[in-house]
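*Asks:* Residue numbers (my numbering), protein chains in the order written: chain E, 68 to 391; chain V, 2 to 128.
In silico SDA-like pairs for lysine to any residue, Cα to Cα no more than 20 Å straight-line:
(1) K204(E) - S263(E)
(2) K301(E) - N127(V)
(3) K86(V) - Q86(E)
(4) K213(E) - Y119(V)
It should be emphasised that the hints constitute simulated quantities derived from the structure, not laboratory data.
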Amino acid sequence: MNSTITSTEENVWGGGDNQPLGASYGKMMMWFFLVSDALTFSGFLAAYGFSRFKFIETWPIADEVFTHVPFTHGSYPMIYVALMTFILIMSSVTMVLAVDAGHKMQKNKVIWYMFLTVIGGAIFVGSQAWEWNTFIKGDKGALETKGGRILQFVKADSGERAALKDFAITIPGERVEHENKNGVWFYDEGYVPSYSVKEVVKGFKANSNILVRTETINEEGHKTLLSRGESLKKLENATQVVEGANLIHNEYGSRLFGDFFFFITGFHGFHVLSGVIINLIIFFNVVIGTYERRGHYEMVEKVGLYWHFVDLVWVFVFTFFYLV
Amino acid sequence: MAHEHKLEIFRGLLKFKNNTQKIWGVLIFLSLVTAVEVVLGIIKPESLTGTSVLGMKLLNWIFIILTLVKAYYIAWDFMHLRDEKSAFRRALVWTPIFLVIYLVFILLTEADYIYEVYKDGFVTWNF
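Go ahead and model the full structure; you've got the sequences and the hints to work with.
*Replies:* Next up, the structure:
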């Protein structure tokens, strides 16, 4: 730190004049915080690995779950997550450029690079919100059995996934959603799926091109397809229609998959959000010249460490959630 | 504050003139690694998914190794660990590595045991 500090109070807050291991007090404490945070994330990812190894034969295949790209239709597995990864790495780069400009005391460059970093972070958080929305809304729909397993549908001729709306037959007089204006009890009921189990089964019987796909992964690494006969037998066990995902049910497969998706990407997204806010604060401090007066831009470096850490964690989340 | 930057990566194979150049160099490298991961993830070559090393697909091992490579360059060059004193660096890096390996070993072994119990047990859970 600089030697002009005279008051003892400030001296203690800054960790004194000695710098163990050549790192200033603030930077060292940021590093120690990051180490503990890294252990928290490792705990989550290890728990994910635990659940996955427990249900290794039935775990959803991530490529088949995350296939959407905004403003387009069709199936593009991985593309959007890869783009998000690139955006986050890019904002990490502008951050490290800001730190570099700070070392050279180039205020205007620091301002611009910090600004770009904040923009990159905001785009990433927005993308994650979009991912969550898509995941919660769901795509094709599925049935859940008594044992809590998921049955999905596939078109026999093309091998593509079939959505419930492609084949389910609406039965007149099936029950409608209860609204508070209709009842003695003035509350709404929760969400009623677009089709009932009966309607899906009826549609299945009428359309011979549809097969059931179970959660079980076969030796080639694909989900098992049942024959027509097996499918019909399996459908007898179906108890409810599942569209989209929440913490209790999801149409993608193992319920824990949905839980870990919300938990891990949510915790990471919260880190990104707080990172964006901290970056904004530092950005305004740079603009009003706080660090110019202080004589060094170490604060930018510290917040930069946090921002790179967020990127670092995403690299691991990307691998273990989307790739492996 | 460390103003001195070590300007070489890949053990001196690639030297940069200044820090800004090094940052862009590392970005290009990280983007390349990500691109390789995504391409492998989309095509999933038969030769890599078919072979199993230490109970896991070869492809997954490649993903994990590439991730560690990326993590190394983010920590070393973006977070300037390369410029810190080696004692500080070791304290920060080896502590979590040791703890994580320990935790992952225990949890995955236990999970595999539970998987066996489900598979060989007499209670049906997949119905």
